[in-house]
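*Asks:* Single-letter residue listing:
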Amino acid sequence: MARVLMQGNEAIGWGALAGGCRFYAGYPITPSSEIAEFLARELPKVGGKFIQMEDEIASIAAVIGASIGGMRAMTATSGPGFSLMQENIGYAAMAEIPCVIVDVQRLGPSTGQPTAPSQGDVMQARWGTHGDHPIIVLCPVSVRQAFDLTVRAFDLSEKYRTPVVLLTDAVIGHMREAVELPDWRSVAVTDYRQQRVEGEYFPYRNTPDGVPPLISFGLGYRYHITGLFHDERGFPTQRLDEINPWLERVHTKLERHREDIVMLETDIQPGAEVMLIAYGAAARSARHALRQARAAGRKVSMITPLTIWPFPEEEVERLCEDIRRVVVPEMNLGQLALEVERVVGRKKVRRVTRADGEMILPSVILAALEEDNG
Amino acid sequence: MDKNVILEAATLEEHEAHLPAENWFERSETLQKLRKNKKFPTIWCAGCGLGVVMGALIRAIDHLGLKNDQVALVSGIGCTARMPVYLDFNTLHTTHGRALAFATGLKIARPDLKVIVIMGDGDALAIGGNHFIHAARRNIGLTALVVNNATYGMTGGQYSPTTPLGALATTAPYGNIEPPFPVCELAIAAGATYVARSTVYHALELDKYLTEAIAKNGFSLVEAVSYCHVGYGRLNNLGSAADMMRALKENSISKVAYDALPPEKKATETRIVRGVFINRERPEYTQAYAGLVASLTGVGENAIAG
Numbered sequence: 001m002a003r004v005l006m007q008g009n010e011a012i013g014w015g016a017l018a019g020g021c022r023f024y025a026g027y028p029i030t031p032s033s034e035i036a037e038f039l040a041r042e043l044p045k046v047g048g049k050f051i052q053m054e055d056e057i058a059s060i061a062a063v064i065g066a067s068i069g070g071m072r073a074m075t076a077t078s079g080p081g082f083s084l085m086q087e088n089i090g091y092a093a094m095a096e097i098p099c100v101i102v103d104v105q106r107l108g109p110s111t112g113q114p115t116a117p118s119q120g121d122v123m124q125a126r127w128g129t130h131g132d133h134p135i136i137v138l139c140p141v142s143v144r145q146a147f148d149l150t151v152r153a154f155d156l157s158e159k160y161r162t163p164v165v166l167l168t169d170a171v172i173g174h175m176r177e178a179v180e181l182p183d184w185r186s187v188a189v190t191d192y193r194q195q196r197v198e199g200e201y202f203p204y205r206n207t208p209d210g211v212p213p214l215i216s217f218g219l220g221y222r223y224h225i226t227g228l229f230h231d232e233r234g235f236p237t238q239r240l241d242e243i244n245p246w247l248e249r250v251h252t253k254l255e256r257h258r259e260d261i262v263m264l265e266t267d268i269q270p271g272a273e274v275m276l277i278a279y280g281a282a283a284r285s286a287r288h289a290l291r292q293a294r295a296a297g298r299k300v301s302m303i304t305p306l307t308i309w310p311f312p313e314e315e316v317e318r319l320c321e322d323i324r325r326v327v328v329p330e331m332n333l334g335q336l337a338l339e340v341e342r343v344v345g346r347k348k349v350r351r352v353t354r355a356d357g358e359m360i361l362p363s364v365i366l367a368a369l370e371e372d373n374g
Numbered sequence: 001m002d003k004n005v006i007l008e009a010a011t012l013e014e015h016e017a018h019l020p021a022e023n024w025f026e027r028s029e030t031l032q033k034l035r036k037n038k039k040f041p042t043i044w045c046a047g048c049g050l051g052v053v054m055g056a057l058i059r060a061i062d063h064l065g066l067k068n069d070q071v072a073l074v075s076g077i078g079c080t081a082r083m084p085v086y087l088d089f090n091t092l093h094t095t096h097g098r099a100l101a102f103a104t105g106l107k108i109a110r111p112d113l114k115v116i117v118i119m120g121d122g123d124a125l126a127i128g129g130n131h132f133i134h135a136a137r138r139n140i141g142l143t144a145l146v147v148n149n150a151t152y153g154m155t156g157g158q159y160s161p162t163t164p165l166g167a168l169a170t171t172a173p174y175g176n177i178e179p180p181f182p183v184c185e186l187a188i189a190a191g192a193t194y195v196a197r198s199t200v201y202h203a204l205e206l207d208k209y210l211t212e213a214i215a216k217n218g219f220s221l222v223e224a225v226s227y228c229h230v231g232y233g234r235l236n237n238l239g240s241a242a243d244m245m246r247a248l249k250e251n252s253i254s255k256v257a258y259d260a261l262p263p264e265k266k267a268t269e270t271r272i273v274r275g276v277f278i279n280r281e282r283p284e285y286t287q288a289y290a291g292l293v294a295s296l297t298g299v300g301e302n303a304i305a306g
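Those protein sequences? They're chains A and B, same order as listed. Heads up: the first sequence runs through residues 1 to 374, numbered per our numbering. Heads up: the second sequence runs through residues 1 to 306, numbered per our numbering.
Just so you know, these hints were derived from the structure itself, not from any lab. It is possible that some hints are incorrect.
[Claimed, not checked] Computed footprint of chain A on chain B; a stretch qualifies when at least three of its residues, placed anywhere within it, have a C-beta under 8 Å from a C-beta of chain A:
no., stretch
1, 103 to 117
2, 130 to 139
3, 155 to 163
4, 185 to 194
5, 230 to 240
[As the list claims (entries may be wrong)] One-sided excerpt, in silico: chain A residues whose CB lies under 7 Å from chain B:
no., residue
6, Ala2
7, Gly47
8, Ala61
9, Gly65
10, Ile68
11, Ser83
12, Glu87
13, Gly131
14, Gly220
15, His224
[Claimed, not checked] Counterexamples of contact, computed for chain A against chain B with all Cβ distances above 12 Å:
no., residue
16, Lys49
17, Val63
18, Ser67
19, Ala95
20, Ser110
21, Lys159
22, Glu177
23, Thr226
24, Arg233
25, Gly234
26, Pro310
27, Arg342
28, Glu358
29, Pro362
The structure presented is a predicted model; accordingly, all values stated were derived computationally and were not measured. C-beta: ideal position from N, C-alpha, C; glycine also.
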């Protein structure tokens, strides 16, 4: 593909096609609607299916249903719609059905500011549904990364049988950047689903990698899927000797593969005593501040987590060993900072927060870097 | 047995006259619809009408000669929604109220599957009411089987969107002041192409209606009027399961008989009317979408390129 000026939401659409997505169900909501409009236009051209559902609850339900039917499936929304989807995201986690949910964050709570960016859904993306559950959340910083991480979201979702949230925001979604994307048809897609197994199929029996193979509905293996606690065949169970192995497997399956799942970009300056940790739109302001600080002769390092859940705690802990101070700018009142504080210690962390729908200015981050750099 | 004769029977009597001599349940194909690796009994209370509905569903699928692999059952939450677990199909037990939305995705991904959505009245019409009318509006090829017992049985007898005015419920201790939804009329107004109602007393009618509904190319609804003698019945002094079953026999009237009533009698008729209320043709959603795909790609359904 030639170098073009492209919006983040459109890049997500191309990323979906490249990632093998052939089903989209969604409900219009600013600032995510361009993704739906793109896929309404493009999916039928490649034999895919698009449907506009009656609400976001129905959208994520249809996505899970289509995934069970064998299609890679996605929905896109923003804060209010993401809230409505939470129960069924928990269902997908419980039933281990692959699906991708794009949340183009806007300012909340409630209707908030529909066109203003925010990073207020960081905790909702992790804990929005009830009960402990595994989930993967990816956070792009640029339009190109919006494409790449959408492709990756589908791969991780299928590989680990888990919902994956692409958590972006109104800045990345609506911003236009010059990008050169690969031809989506040239992107390799690995099909992790099985067509057949020897003997009886156990959709929830433990395997060496903790992820039982998934066989889609209608291929001759008639089994049960439920949001109730279930046994190896998928049938509801209240037996502790069936529930506990399930808990052990499902709650460790992502941890066991964290090397594959956790992605982060690092910009390490030897001798630096200050670390910047930023993600999504805030990372763009942070990078500007980083350049300014270095131009002024200060030593500063930076971590940009692309996977925010599971939180890259081992990497952050290791990279911050000799760091005296960690600055965490985010467009909320301090959500991922809680994780950083847990890992490096509360006293080391300087939060830079803003939750009024405006981006954090690089000068504010720069000031925070300089506060303690003397 | 000539299956077509049974399908074309206009009245229950005519239907019964053509029943095969042997017991349905002794036919091996029918028994194979039950899950062998799932321990019975069901979770349902002794005397519940849901067993009758499950039998009718099995027989309807059997009538149509569908293979187990060709059928997907999707349900939400509630007593009724537990039905799929006992049956040997592709079975999906989803979240409360959302069965039709899950089923919509599954049907779009696999239009070749017969997707039957099994719901209670609360599941289909309260929490799932929006999905119910929109699935009917789209005329997507799903069969909705709504077992209407006019109460939330699993949670202990609260009033539902089909509880009659004045009836007692655990959340209507002074009598229900909300008028009920007419389920069939709602589906017709929303666009369903096949709508029928019978009761769990009239099991053979349920067989027939479910057979026609599942065969229908479009959104079809069968309302199976049932009862909850444990929750609703006990609160309203309606007696045992057998008493409530008898009441369905005595307090219902066939559509044929109802249509023959003079207008003034129709206006005051309070019995449950059983029959097929609509059977019409409208474009089916997944076929319309396949047509769209074909017009853009020049290839037919299920051609996944790229």
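*Asks:* Each hint: holds or not?
*Replies:* The hints, checked one at a time:
no., hint, verdict
1, 103 to 117, "holds (count 10)"
2, 130 to 139, "holds (count 3)"
3, 155 to 163, "violated (count 0)"
4, 185 to 194, "violated (count 0)"
5, 230 to 240, "violated (count 0)"
6, Ala2, "violated (20 Å)"
7, Gly47, "holds (5 Å)"
8, Ala61, "holds (4 Å)"
9, Gly65, "holds (3 Å)"
10, Ile68, "holds (6 Å)"
11, Ser83, "violated (15 Å)"
12, Glu87, "holds (6 Å)"
13, Gly131, "violated (13 Å)"
14, Gly220, "holds (5 Å)"
15, His224, "holds (5 Å)"
16, Lys49, "violated (5 Å)"
17, Val63, "violated (6 Å)"
18, Ser67, "violated (8 Å)"
19, Ala95, "violated (9 Å)"
20, Ser110, "holds (21 Å)"
21, Lys159, "holds (20 Å)"
22, Glu177, "holds (25 Å)"
23, Thr226, "violated (4 Å)"
24, Arg233, "violated (7 Å)"
25, Gly234, "violated (8 Å)"
26, Pro310, "holds (25 Å)"
27, Arg342, "holds (32 Å)"
28, Glu358, "holds (36 Å)"
29, Pro362, "holds (41 Å)"
Of the numbered hints given earlier, the model fails hints 3, 4, 5, 6, 11, 13, 16, 17, 18, 19, 23, 24 and 25; all others are met.
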